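The task is simple: from the sequences and hints, build the whole structure.
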Amino acid sequence: FKRHEMANLQSYVYGKSAKSAQSTKGDDMSGKGGNNDTNDDDDEHDDEDSAENNSNESNDDDDAEDMFHIKQANVVKLVTDSSRFSVKLDTLQGKWGNEITVEALKSRFVTGDWGAEDAENQ
Amino acid sequence: MATGKVHNFNGTERFRQRLVLATLSAKPVRFENIRTDDADAVGLKDYEVSFMRLIDKLTNGSVVSINHTGTTVSYRPGMIMGGKISHPCPPSKGIGYFLEAMIMLAPFAKKPLQLTLTGITNNEEDPSVDVIRTVTLPMLHQFGLEGDVELKITKRGAAPLGGGEIYFKCPTVRSLKPIKINEMGRVKRIRGISFSTRVSPQTANRVVDAARGVLNKLLPDVYIYTDHYRGAEAGKSPGFGLSLVAESTNGNLCGSECVAAPGELPEDLGTRAAWLILEEISRGGCIDTQNQALCCLFMACNSEDVSKVKFGKLSSFTVNFLRDVREFLGVTFRLKPDDETDTVNVTCIGIGYTNTSKKMG
Numbered sequence: 082f083k084r085h086e087m088a089n090l091q092s093y094v095y096g097k098s099a100k101s102a103q104s105t106k107g108d109d110m111s112g113k114g115g116n117n118d119t120n121d122d123d124d125e126h127d128d129e130d131s132a133e134n135n136s137n138e139s140n141d142d143d144d145a146e147d148m149f150h151i152k153q154a155n156v157v158k159l160v161t162d163s164s165r166f167s168v169k170l171d172t173l174q175g176k177w178g179n180e181i182t183v184e185a186l187k188s189r190f191v192t193g194d195w196g197a198e199d200a201e202n203q
Numbered sequence: 005m006a007t008g009k010v011h012n013f014n015g016t017e018r019f020r021q022r023l024v025l026a027t028l029s030a031k032p033v034r035f036e037n038i039r040t041d042d043a044d045a046v047g048l049k050d051y052e053v054s055f056m057r058l059i060d061k062l063t064n065g066s067v068v069s070i071n072h073t074g075t076t077v078s079y080r081p082g083m084i085m086g087g088k089i090s091h092p093c094p095p096s097k098g099i100g101y102f103l104e105a106m107i108m109l110a111p112f113a114k115k116p117l118q119l120t121l122t123g124i125t126n127n128e129e130d131p132s133v134d135v136i137r138t139v140t141l142p143m144l145h146q147f148g149l150e151g152d153v154e155l156k157i158t159k160r161g162a163a164p165l166g167g168g169e170i171y172f173k174c175p176t177v178r179s180l181k182p183i184k185i186n187e188m189g190r191v192k193r194i195r196g197i198s199f200s201t202r203v204s205p206q207t208a209n210r211v212v213d214a215a216r217g218v219l220n221k222l223l224p225d226v227y228i229y230t231d232h233y234r235g236a237e238a239g240k241s242p243g244f245g246l247s248l249v250a251e252s253t254n255g256n257l258c259g260s261e262c263v264a265a266p267g268e269l270p271e272d273l274g275t276r277a278a279w280l281i282l283e284e285i286s287r288g289g290c291i292d293t294q295n296q297a298l299c300c301l302f303m304a305c306n307s308e309d310v311s312k313v314k315f316g317k318l319s320s321f322t323v324n325f326l327r328d329v330r331e332f333l334g335v336t337f338r339l340k341p342d343d344e345t346d347t348v349n350v351t352c353i354g355i356g357y358t359n360t361s362k363k364m365g
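Heads up: the sequence lines are chains A and B, in that order. Letter by letter, the first sequence follows residues 82 to 203 in our numbering. Letter by letter, the second sequence follows residues 5 to 365 in our numbering.
To be clear, the hints were calculated from the coordinates, so they are not data collected in a lab. Treat the hints with care, as some may be off.
To be verified - Under the rule of at most 25 Å between Cα atoms (straight-line distance), these lysine to any residue pairs were calculated in the SDA-like manner: (1) B/Lys49 / A/Ser188; (2) B/Lys221 / A/Gly96; (3) A/Lys187 / B/Asp272; (4) B/Lys181 / B/Asp272; (5) B/Lys340 / A/Gln174; (6) B/Lys312 / B/Pro142; (7) B/Lys221 / B/Gln206; (8) B/Lys159 / B/Gly235.
As the structure is a prediction and not an experimental result, all values here were calculated from the model.
Structure (structure tokens):
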């Protein structure tokens, strides 16, 4: 993340209102709905706004996600309803087919002989 | 039964996540204008209907209504019951699509869930049962889910016809514990499962050799099991795939998985899966990308204390899920990117969600 992006990640995910959110804590749910309002008609106006936001969401997301490197060009666009992580073969090959990139990742691994880790623990 | 404000949505985007969150928060939802602009496939897809049936089986007192064209769905959640459930999953989606949602709900059920699902165990779209078993389920223990969490793959079913079967058992919990995971640690071992169905048993070995060829340059401790299915246990379609799990010195797990595309060579698949686990490791999160959303949900639902986890880059799925969590549970996460490691520190205070239906032991 670049610095200007870091400051905006919260806003990107939650919108501008996130800045005014004072608490990270939610409503007290206790397993039941927090809103006891049974009149759905009163909620229609809010719901329309919500639906409108949802319908516009995907277009806005495309630009914003590029900006935040969340939706990267190299990440396979799977169905939106899946958590599965995948990356296009070309991108994987370009990155990890390169010995230098692989070498740079060595610091993330425990190195040494077979069983060295067990010996250390003993 | 839920009687609060109805959350209206346009289309079925994030259908599954929203139904799960609606069930947990006991808030009714309505999906409108479902694929009304698609003349060839207006309304709900078969897997969406199947998912609603599964939710209906899991809960008691839920009210689902679908209009004649399938373009509008209303769901008023009931109580999560759990118990013994069997459900056939349609071939248009993998078992992982259904199972992942059940994992989100099962801990909050009245009775321990004993779920049998049939269908496709491995495909290229949905989380496979292997990674759910080896990466997702161990994560549940960190949230205080005690007892036997079990996932047994009784039959393997490759796409497109499936024929697989799994058994999932999950205990209930009264409330979840907060977690704090800030350091990934270094990867100390990689394990994997190379499965094959209705192809030569040698295929799985070729996949393993290719994957080891990449991974052994970085780590000696790589062991990949081969799992060849034949006869009735092999499902209806030929296929093979590889799932890998990297375990760090801090006990964190991250996984990757690949299933062979038509015509793909075993060697290519093995290499692709190995590269994918390297990509996941390079992201540096303590929880892997696939499980970010589940982790966020349990962080939001746990006791009224701070949970803090370091993720790699957030996926689009996670970003959308965070928005839905705020909408249904009212929890806003604090997201603080770490520019040195390209990771994101995710913090929230749980809502103190209590499983009131769980019987006291």
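Status of the hints after comparison with the structure:
1. B/Lys49 / A/Ser188: 46 Å, violated
2. B/Lys221 / A/Gly96: 44 Å, violated
3. A/Lys187 / B/Asp272: With Cα atoms ~23 Å apart, A/Lys187 and B/Asp272 stay inside 25 Å; holds.
4. B/Lys181 / B/Asp272: Since the Cα atoms of B/Lys181 and B/Asp272 sit roughly 42 Å apart, the hinted pair is violated (cutoff 25 Å).
5. B/Lys340 / A/Gln174: 31 Å, violated
6. B/Lys312 / B/Pro142: Judged against 25 Å, a Cα distance of about 18 Å means the pair holds.
7. B/Lys221 / B/Gln206: Distance of about 24 Å is within 25 Å: holds.
8. B/Lys159 / B/Gly235: 10 Å, holds
Violated hints, in rising order: 1, 2, 4, 5; the structure is consistent with all others.
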